[in-house]
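Chemist: We have chain A already, so just place chain B on it with the hints.
Going down the list, the sequences are from chains A and B. If you use numbering that gives the first Met the number 0, the first sequence closes out at 331, no skipped numbers anywhere. If you use numbering that gives the first Met the number 0, the second sequence closes out at 331, no skipped numbers anywhere.
These aren't lab readings, by the way, just hints derived from the structure by calculation. In this text the structure is predicted, and so the values were computed from the model without any measurement. Mixed in with the good hints, there may be bad ones.
Repeated chains share a single entry, so a pair holds when one copy, or any two copies, can fit it.
Claimed, not checked - Straight-line Cα separation of at most 30 Å, DSS-like style, residue types lysine-lysine; simulated pairs:
no., residue 1, residue 2
1, Lys299, Lys260
2, Lys167, Lys120
3, Lys159, Lys301
4, Lys20, Lys124
5, Lys3, Lys124
6, Lys299, Lys148
7, Lys301, Lys148
8, Lys260, Lys301
9, Lys152, Lys299
10, Lys301, Lys152
11, Lys167, Lys88
12, Lys167, Lys37
13, Lys281, Lys38
There are 2 protein chains.
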Amino acid sequence: MSRKITVAAAQVGAVHKDASKPETVQRLIKLLHEAAEKKVQLVVYPECTLTTFFPRHFIESREELDTYFEHGADITQSPDVKPLFDEAKAQGIDICIGYAERTPDGSGYNTSVYYSASAGKVISKYRKVHLPGRVEPFEDPNATNQLEKRYFKPGDLGFKAFRAPGLKTDGKGDPIMGMLICNDRRWPEAWRVYTLQGAEILMFGYNTGSHMSHLWGGTSMSPEEQEQEALFHSRLVQQANSYMHACFSISSARCGVDDGKYDLIGGSSIVSPEGHVIAEAKTKEDELIVAEIDVAECRKGKERTFDYARHRRVEAYGVITVQTGIVEPELL
Amino acid sequence: MSRKITVAAAQVGAVHKDASKPETVQRLIKLLHEAAEKKVQLVVYPECTLTTFFPRHFIESREELDTYFEHGADITQSPDVKPLFDEAKAQGIDICIGYAERTPDGSGYNTSVYYSASAGKVISKYRKVHLPGRVEPFEDPNATNQLEKRYFKPGDLGFKAFRAPGLKTDGKGDPIMGMLICNDRRWPEAWRVYTLQGAEILMFGYNTGSHMSHLWGGTSMSPEEQEQEALFHSRLVQQANSYMHACFSISSARCGVDDGKYDLIGGSSIVSPEGHVIAEAKTKEDELIVAEIDVAECRKGKERTFDYARHRRVEAYGVITVQTGIVEPELL
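If we strip away everything but chain A, and leave its shape as in the complex, we get (with noise of 0.2 Å):
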C-alpha cells in the first residue's frame, strides 16, 4: 500500500546581520504561500532561519547576542515569528523550523521545533546535539569563527522521533519523523537513534560555510572547488544516511552571501531511502522544493538489507555509548 505525501523544503537566501526580523519572517510566509499552492503538507525551514548566522561572529554584549534569540516558553507567541505559524495554521500546512532559542534560565540552544497545524501548536521540540566549531574566538580577526560551542549548550532533548497527528498520507498510518540540525548531519549516531524509532522523515536545516577551508590551516582549493567539496559532503552524508537508516530526508539551507562575505552553500534537497537525490535546489536564493514522497518506499530498506532486528549485533557495538573520544590501540 502506498502512502503518499508532498512534502517542500524552503531554502532561504542571504540573511544579512542588519535583517529586520519581521521583513524575514515575511520571506517565509511568502514560500509558505508557494507551498499552500502546491498542496504541500510539510515545509522544511533551515537553520537558525530567522537571523543571520550569527555564529560566526565575536559578539561580546549580551544585549546584542539577545536580539538573535527567540525568547519565551512558546515560540508560536513570539510577536515577530507569530504570523509564520498563523498562516500555516490557515493553510493547514505543519512546518518545521530552526531558530535560537534563550531559555528562562539564560541558556541558548539551537533549536527546531515541528508546528502541527491541525494541533495547533508546536508538537515537539529538538535542540542540536553536536554543535560543531569553537568556544574561542579565531586570534586572526580576517578569520570567519564557528562560534555555536561559545553561544549554544548541547542539547538534552535527545533525539524523539514522534507522529504528526494531522499529516495523513493517502494510506494507512502517519510518518514517523525527527528533526536534526546541520551538523548533526555527519553523524550516523543521530540518524540511527532515531530510526531505531522507526522514523521515516529526517528533516533538517543547515548553514554551512562555503569557503571554510581557510579555518583549519589554509587549503590550495580555490574558492569554486572549496564550495564544490562543501556541497559534496553534505549531499554524500545526506544521500548515504538516508540509505543505510531506510528513510527520507529533506534539508533545506540558509544560502547565499550574507553582509557581502560570507558565503553559504545551496543544495537543499530531498532523498530517498533508497539515497537518491528526488529534488534539489537550483539557486542560493529563498527557493522551494517540493517533491510528493512514498512514504512505503522505506519498507524496502527497513525489511531487508537494513532490517535491525535481524542484522544488528549490539553485542559488538559497545564503546559507542561508553566512550565518547579516541582510544588507540596498545602498540604491538
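Modeler: Same frame as chain A, now just chain B:
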C-alpha cells in the same frame, strides 16, 4: 609530517563452483607479484576469496559444504593456501584476505585475517559481524539464495583495531587498521567502533550481486540499472563512511560472472578520509589497483569536523547499544 605508504586492492574475477583452490591461489599470487613490482606494502583481497561465493547455493551435504571452508587453527598452514602466505613473506608484503573458517567445534565464520610479512604470521583475525541473507533457502528454485545466516555464525571477535609491526610509513608511526567484511560496510556502527580506536585504514572485501532485486519482490529496473544501483550503494557507503569516520578505506571485490549466471559487481576502490575515490577498478576481472596514500591526511577530519572527543555526545546515543530492532514511539 607526511606518513606515506603504498597500498593495493587485489580484485578477483569469476571463481566458478568447480574451480580448483590451488589454481585460484595461483591467481592471487600473480596479483601479489604485480604488487611487488609496484612496491606495494599491503594487498587487500576479497571476502571468501578462495572459492566461489557458495552462500548463494543451498548445500545440504555437510561434506560438500566443508570443501568451501578452511579447517585448522592456522590458515597459513592450510596446504592449498600456504603458497600465498609464503610468497607474501618472501616479497615482504602484508596481506588481508577473506575466507570461510570452520573451527574445531564445527562452527562456521566468514573470516578475514591480516598477515604481517615481517612478523611472519597472522596478527589479527576478524569474523564478519553483520551477516546478510537468510537461514532458509527460497522456495523458488530459480532465485539466487543468500544463505550466510545458515552457514555462518555472527562474528564473535568484535571490531579490534591493530597496528602492523612492519607496515612502516615514511613518517612517524604505523597506521592503525581494522577489517570489515562486505555487508559490514553498510553499518556505520562497525566503522565507528574501529575509529573510536583511532583506525586510519579500514579494509574490506565483498561479494555483491549485480542483479539481486528479484529476490525482494521484483523490480522495474533493467539488469544494467540494477548493477548501477548496486554499485551506487556500494560506493556511497564506502565514500560516506570514510568521510564520517575520517579514515582511508580499501575495498576489494570478488566480481564477474560465476558459472555463467551469477553476476557480481566490481568497483574495488581506495577512498580518502575526505570521501573521494583515489583509485578504482576498471574491470570485473582479476585487477590490482594501487595508490600511495598519506595516512596523515586522516588528521584533518580527526582533529576538526570529526574530533570525537570534542563533538560526540554519548548521553544521546543510549539506544544504539541496548536496542537491536525498532521500537516505535507511542501514537500521539
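Chemist: Each hint: holds or not?
Modeler: Results for each hint:
Only between protomers do Lys299 and Lys260 lie at most 30 Å apart by alpha-carbon distance; the minimum there is 25 Å, versus 45 Å within a single protomer. In the homo-oligomer, the alpha carbons of Lys167 and Lys120 lie at most 30 Å apart inside one protomer (17 Å), although the nearest pairing across protomers, at 61 Å, exceeds that limit. For the homomeric pair Lys159 and Lys301, the shortest alpha-carbon distances inside one copy (19 Å) and between copies (28 Å) are both at most 30 Å. Proximity of Lys20 to Lys124 under the C-alpha cut-off of 30 Å is restricted to the intra-copy arrangement: shortest distance 21 Å within a copy versus 59 Å between copies.
In this assembly of identical chains, the alpha carbons of Lys3 and Lys124 lie at most 30 Å apart only when taken from the same copy (25 Å versus 47 Å across copies). With identical chains, the CA atoms of Lys299 and Lys148 are at most 30 Å apart between copies only, with a shortest distance of 19 Å across copies and 39 Å within one. Taking the shortest alpha-carbon separations for Lys301 and Lys148, only the inter-copy value of 18 Å comes in at or below 30 Å, while the best intra-copy value is 35 Å. In this assembly of identical chains, the alpha carbons of Lys260 and Lys301 lie at most 30 Å apart only when taken from different copies (28 Å versus 44 Å within one copy).
Proximity of Lys152 and Lys299 under a CA criterion of 30 Å is satisfied inter-copy only: 25 Å between copies versus 38 Å inside one chain copy. For a Cα distance limit of 30 Å, the shortest separation of Lys301 from Lys152 across copies, 22 Å, qualifies, whereas the shortest one inside one copy, 34 Å, does not. In this homomeric assembly, Lys167 and Lys88 come within 30 Å of each other (Cα to Cα) only inside a single copy, at 15 Å, whereas the closest approach across copies is 64 Å. For a Cα distance limit of 30 Å, the shortest separation of Lys167 from Lys37 inside one copy, 16 Å, qualifies, whereas the shortest one across copies, 60 Å, does not.
When the C-alpha separation of Lys281 and Lys38 is checked against a cutoff of 30 Å, the pair qualifies only within one copy, where the shortest distance is 21 Å, while the shortest distance between copies is 46 Å.
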